[in-house]
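Protein chains: 2
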Amino acid sequence: MITTTNNAVNLPEIVVATLRTICGDRYVITDTDILYGYGKDETLDLHFPFDILVKPGTAEEIAGILQLCNEHRIPVTPRGGGSGVTGGALPVERGIVLSLERLNKIVGINTVDHCVTVESGVVTADLCAAVQEAGLCFPVPPSSAAYSFVGGNVAENAGSISSCKYGTTRQYVLNLQVVLPTGEIIWTGANVMKNSTGFNLTQLFTGSEGVLGIITQVVYRLIPAPKHQLSLLAGFEKLEDACAAIVAIKQSGILPAAVELICRNAMEVAAAFLAEPLPLVTDQINAHVLLNLEERSENRLMEAMEEAGAILEKYTGENILTATTTKEKEQLWKLRFNIGAALTSGAKKYRDIDIAVPLSVLYPYIRQVEAICAAHGVTVACFGHALDGNLHTMLQFNAQADAAEEKRVAQVVAEIYDFALANGGVISGEHGIGLLQRPFMSKQFPAAQLALMKDIKTLFDPNGILNPGKVVL
Amino acid sequence: MITTTNNAVNLPEIVVATLRTICGDRYVITDTDILYGYGKDETLDLHFPFDILVKPGTAEEIAGILQLCNEHRIPVTPRGGGSGVTGGALPVERGIVLSLERLNKIVGINTVDHCVTVESGVVTADLCAAVQEAGLCFPVPPSSAAYSFVGGNVAENAGSISSCKYGTTRQYVLNLQVVLPTGEIIWTGANVMKNSTGFNLTQLFTGSEGVLGIITQVVYRLIPAPKHQLSLLAGFEKLEDACAAIVAIKQSGILPAAVELICRNAMEVAAAFLAEPLPLVTDQINAHVLLNLEERSENRLMEAMEEAGAILEKYTGENILTATTTKEKEQLWKLRFNIGAALTSGAKKYRDIDIAVPLSVLYPYIRQVEAICAAHGVTVACFGHALDGNLHTMLQFNAQADAAEEKRVAQVVAEIYDFALANGGVISGEHGIGLLQRPFMSKQFPAAQLALMKDIKTLFDPNGILNPGKVVL
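First to last, the protein sequences are chains V and X.
Under numbering that gives the first Met the number 0, think of the first position of the first sequence as 0, with each following residue one higher.
Under numbering that gives the first Met the number 0, think of the first position of the second sequence as 0, with each following residue one higher.
Identical copies carry no separate label here, and so any pair may be met within one copy or between two of them.
Below 25 Å or equal to it, Euclidean Cα-Cα: the simulated BS3-like pairs (lysine-lysine) are:
1) K406 - K39
2) K328 - K313
3) K442 - K453
4) K313 - K226
5) K164 - K226
6) K226 - K328
7) K333 - K347
8) K226 - K333
9) K348 - K39
10) K406 - K348
11) K442 - K406
I should point out that these hints are in silico values taken from the structure, not numbers from a laboratory.
Please work from the sequences and hints to get the whole structure.
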């Protein structure tokens with residue numbers, strides 16, 4: 000656990016006074032109890048103290064804050080819903096935490112142009128509900144949608160269980176309002192479906208993890224809401240067959256809205272945690288494949304179901320379960336959605352490795368992970384977005400791990416990354432780099448690419464005040 | 000016509016000698032007849048003389064050339080298939096034209112991971128044919144696919160008739176090999192479906208029009224080839240009804256693989272040029288809407304056809320024509336594909352404005368264009384990718400236009416851009432900025448955005464040697 004306990008305000012008085020003028024007294028907070036909650040996110044048990052929490056209400060206030068902090072060289076860490084798992088919102092160099100929570104308005108939904116404009120502090124689930132009511136759909140909410148913010152989703156280029164059909168956050172971002180570290184407010188793109196004008200600043204900011212600018216508004220492209228859904232669950236005796244079935248589904252072109260793989264190790268930990276009878280959890284079954292099918296007509300859904308069923312049947316002799324009601328779907332997905340909770344029960348924590356590898360490497364990757372973890376005596380649970388080659392590889396260890404255990408886990412992480420990178424993978428498919436994965440950037444990127452990224456960071460943020468210690472600097 | 004006639008080699012002898020060492024004598028060309036063809040592209044009748052044509056065979060040779068040119072501050076204009084219509088490949092500051100034509104290998108097609116690696120000088124149609132043979136599909140070839148290069152498609156973020164279903168080039172680029180102006184060779188991304196590691200250099204280079212680096216290899220994501228296609232053609236008495244039908248198709252979620260609108264003015268010019276009976280070309284019909292439907296099963300295709308047909312019937316009493324064979328499709332699309340040729344017949348030329356506007360602005364945009372053109376006595380043909388709000392607005396004028404006519408056309412262009420920009424549009428949906436549209440960048444972008452783009456250009460290309468005079472500098 001990395002932490003320091005000194006929480007005295009270390010900023011010049013003139014800065015604090017100016018912050019109060021910009022945001023109003025109420026939104027400049029030094030109460031240490033409140034600050035404590037803003038010094039952590041969902042990344043392990045990391046906590047960092049800092050000086051002042053500000054909750055600006057407009058892009059203009061944020062511009063004022065950044066100008067001030069630039070002048071005084073004060074670190075500013077932007078914060079969304081605090082759902083990040085790589086430490087992107089942690090104030091590692093003290094200074095100011097800038098919460099976007101007051102930028103929570105849905106500015107407008109356009110039902111002809113199929114787009115929505117939202118402030119970046121809107122909770123993802125609220126966005127989804129609002130556009131759903133207008134007959135539209137934001138199809139790639141992350142699993143953290145109930146509390147993550149739209150701005151954080153964009154900053155991390157968040158993935159979704161449905162990314163295999165619909166892509167990641169990036170594919171829906173048309174335009175961003177961003178406050179640059181120097182205090183300029185810009186729009187990066189335009190609210191149109193095709194745009195070949197100038198460098199694509201929209202995509203440069205998307206996934207830049209709050210180190211190039213603070214996103215204050217997001218324009219998302221939307222799709223008409225798909226009306227017909229069902230889930231399928233298949234159990235496999237052999238992991239190899241489950242992986243082969245997934246490849247066959249990709250080849251078919253069916254395009255399910257989820258293709259999740261759950262390996263034996265993840266099944267076991269979740270089943271033990273839930274301690275109840277669960278569908279297709281037996282001694283012989285060593286892998287689950289879960290599909291969501293989403294189509295715009297009942298006919299299409301039935302056709303997709305038959306095709307997907309026929310493919311799965313080629314690779315398993317077990318029953319294939321179908322769920323159409325909400326209750327049935329919850330039952331099929333219950334094991335999958337309890338893996339995380341299971342891994343943290345009993346005074347444990349986990350390190351979530353969210354590598355992405357080419358689909359052709361999926362099976363050898365899992366076998367290699369198992370071998371590495373076995374060699375070091377580390378418990379692992381492998382599951383996730385298999386069709387995209389993006390697996391959560393969760394290393395479980397004691398919440399109060401001693402140095403030896405921490406070291407063992409670190410060694411396993413390093414070996415897993417080495418294998419993934421040597422086989423065409425990347426160190427993050429959807430969580431981003433943040434603080435936690437920064438040490439591995441030089442494993443993935445040669446010096447020339449890293450230098451280019453650092454130069455871009457310096458260009459946007461010459462004094463390095465914005466979210467320092469993250470991604471590349 | 001902007002041109003200069005001086006075509007003497009103006010480079011230091013040591014530079015020419017070093018180029019010969021790098022590329023081999025054969026690929027360093029000074030023959031003025033050959034050079035002439037490389038001094039123009041498809042942009043109006045523009046031609047620019049330059050000093051030397053080089054045809055390197057590898058990324059390493061290109062790196063050597065760029066290092067040399069950086070040292071001697073010599074402009075380098077990269078060139079693909081020469082199909083650009085905004086002058087992106089024109090050597091406006093003389094120096095070297097660097098043709099990518101020898102980088103023409105399809106490096107590999109991966110049928111499990113659904114991606115293809117190609118050198119940037121591969122002709123787009125050759126790429127499409129090769130992946131089709133492997134059961135896969137690159138779904139967004141531009142209309143120039145028969146001679147445009149893959150690298151040029153990426154550099155311009157080319158659009159396609161099928162972009163309304165599949166997106167633009169950008170959505171398929173996973174990874175790029177790029178030679179930076181300083182001579183470094185980098186890969187920008189990784190060959191995986193999800194990637195949240197570092198700044199997205201891949202998307203920064205995509206659409207950067209050869210001013211940030213020279214693309215030498217492209218990794219495209221592919222999709223399983225859709226197996227069932229048909230075309231529909233509907234004629235409308237009123238343009239307004241045609242536009243309303245297009246909006247209704249978008250609302251339905253059918254997702255056709257083309258939704259083209261052809262306005263009366265474009266119909267007339269193409270019909271006169273073809274001088275033969277054409278489907279649904281009558282006095283009463285003032286707009287055509289052409290759809291391509293592409294689905295993975297016959298059932299889906301029939302369902303989509305019925306739905307699309309029902310929507311079109313709500314907005315027109317005219318017959319709706321269907322084409323399933325290649326020959327039938329050619330007949331339905333004949334008028335659409337002859338508009339360009341029609342506009343250049345009879346010693347005429349055209350300026351292609353490829354604005355994109357929000358779909359809600361499509362109808363008022365066309366009416367405004369008609370009014371502007373009528374006021375200035377300029378012939379216009381409006382047609383194109385209506386569902387995306389991306390219309391080709393072709394202003395026809397005399398190939399040997401006098402100054403007054405050139406001025407009139409320029410005035411019309413300016414007024415059209417003003418209207419589009421004031422209504423949320425952009426100056427290019429798919430052609431890019433290049434040389435021709437650079438003067439309009441400051442209309443679309445406020446100073447802060449433009450400054451940021453210029454700073455990015457300077458960061459990548461400190462001496463400004465790469466494709467000077469384009470996009471932003």
